[in-house]
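*Asks:* Dock chain B against chain A, hints included.
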Amino acid sequence: MAVNELQSTRKPPIFQIGAILWLRTNLFSSWVNGLLTLASLYLLYISIPPLLDWMVLSANFNFGTVNILGFEIKFSEVMADNQNCGREAACWPYIYEKLYMYIYGFYPREESWRPDTVYGLTALLFVIVRLVRNYKYKNRVILSLIVAYPIVSYILLAGGFGLLPVVETHRWGGLLLTLVIASVGIIVSFPIGVVLALGRRSDLRVIKLFSTLFIEFIRAVPLITILFMASFVLPLFLESGNNFDKLLRALIGIALFQAAYFAEVVRGGLQAIPKGQYEAADAIGLSYLQKNALIILPQALKISIPNIVGSSISLFKDTTLVLIIGLMDMLAMVNMTSQDPYWLGRETEGYVFVTMVMWVILYSMSRYSRKLEIRFNTENKN
Amino acid sequence: METENNKSNIIEISELNKWYGDFHALKNINMNVKEGEIIVVCGPSGSGKSTLIRCVNFLEKFQEGNIVVSGIELTDDAQKIRKIRSEVAMVFQHFNLFPHLTIVDNLTLAPIWVHNETKEEAREKALKFLERVDISEQAEKYPNQLSGGQQQRVAIARSLCTSPKIMLFDEPTSALDPEMISEVLDVMVELAKGGITMICVTHEMGFAKKMANRIIFMDEGQIVEENDPINFFKNPESNRLQLFLSQILTHDE
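Protein chains in written order, with the numbering used here: chain A, -8 to 373; chain B, 3 to 255.
Bound conformation, chain A alone (with noise of 0.2 Å):
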């Protein structure tokens, strides 16, 4: 019989580590890999220099002189026109030139300090709910937040209430519109989404079925047909008809679409959520309510934030589509600014910076996403 003296732990072999076994072991671990990474290097090497030339390096810069904080930055003596900014390479000062159309639409430009407030107050939000993260009654600040936010964003773009101006909303455009209708429609659908998909799994048949048409009705119609359907169709069966507003026809078409997508997203949550969960929570006596807002939707949704961000990413990208009931989002001034006789074809300029505009918000919603997971990730915590 053999007894072994308990061994103490030792660090890995020097081999394991170093920069050249990172590029044996991810790059080259084989003919094929190393072939892989050829050829992605190769596209690489054709694709971004090009690129980078036509934004960048040729691209015109001749803004003529920028107020920018205050601060006078001269770019050039005056600001470039079609004519002489080129063809082979972009025409920033086109941009420029249209920054105003693209971020506010056609808002009031002695008004624009009122988008301006409601994007700081959006960031102010995400800095406050930050902060109170450790307070004692955060939950309570939260909730107040999240009630007073809409209501003073709202009195702020939109105006009356003998406070401010009236803007109408067939103003609104650009990337002001499309935040408006992305942010409403993933707010305002989230909670219904969220009921259906209780409801979908509901023991009480007419709720259950009521919900499990409405999703598979919704599921099986295009963004299109709703929009279509809930700007031109919507207001035949209301009293006020034509004088319904158009964005918010679009807004309950979109908000009715979304909470779909996310009843069958949040519903895959809750399908992972053992049945232990479900009696634990029965067995120590809480309501259906409690046991739901207690025990199971805080799991299901925590689950779920992966494909919640990405569900809520598509209707962004979707809310482009607004552009063929007549909203003028940002995508859609593109086309409308291209139509400028003295800045004519000047779309590539125009796309190229809504990609770059999008992408940095889409980027963004889904680095959030992926720090929320880890943050709610009690699962596997040491």
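Keep in mind the hints are simulated off the structure, nothing from the lab. Careful: at least some of the hints might be erroneous.
Partial list, computed: chain A residues near chain B (C-beta under 10 Å) [claimed, not checked]:
no. : residue
1   : 268
2   : 273
3   : 279
4   : 281
5   : 289
Note that the Cβ used here is the ideal one computed from N, Cα and C, for glycine as well.
*Replies:* Structure of chain B alone, referenced to chain A:
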């Protein structure tokens, strides 16, 4: 035994029948439990023992028969069910702790939301019970950071937090590594000595011998035999119990 005859029945089960679809899972179960009694239910797997105790707090619906728990008859009435569940606690085979809440939050959930206690009261009591099951130093951790034995002890503490009159144990040690079984059984022995009414579905015959007032043997959805621990093991009457005992005791003795 004699003194307990004076005590009233806290659980009365009569003519209980349950089906899963066509499968007759419980057949004419009659069973009374007196206050403070420790009952062990055993039997081969699929014999309906878990189903039986899960009927007591209505985790399973039954089609025929009556169950009266501390004077309340079990019906579909959600109010009554919640009332009974607030008096009957259950410990599960797989612990079923809430993984998104810390240990102490797992314990305070029911007191705060079901029994309307303040956060401070609930927390104080939770820490007391955690100390009783000897894991107070883990209070702020999450369930998955604990070993199986520790999780089951937390689950027991969680069910104690609502001051139940009855505790149901559904194979509490079956999912545990062997070296963790005794720490859970120790806690259960302490509880049994404390005078709470207990129904335990378990295969731990050592616990049954030491603590049970009565042992019930079930097979194929019926109660085959019930007896006090001494006669249960010494003089099993039915063939099925003799066979069952010979199978589970060969390795123990």
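*Asks:* Taking the hints in turn, state whether each one holds.
*Replies:* How the hints compare with the structure:
1. Evaluation of the residue 268 of chain A hint against chain B yields a held restraint, the C-beta minimum of about 6 Å falling below 10 Å.
2. At about 6 Å, the closest approach between the beta carbon of residue 273 of chain A and any beta carbon in chain B falls short of 10 Å, and the interface hint on this residue holds.
3. At a threshold of 10 Å, the smallest CB-CB gap from residue 279 of chain A to chain B is about 8 Å, leaving the interface hint in force.
4. Interface hint status for residue 281 of chain A: upheld, as the beta-carbon distance to the closest one in chain B is roughly 5 Å, under 10 Å.
5. The beta carbon of residue 289 of chain A is positioned within 10 Å of a beta carbon in chain B (closest approach about 5 Å), and the interface hint is therefore held.
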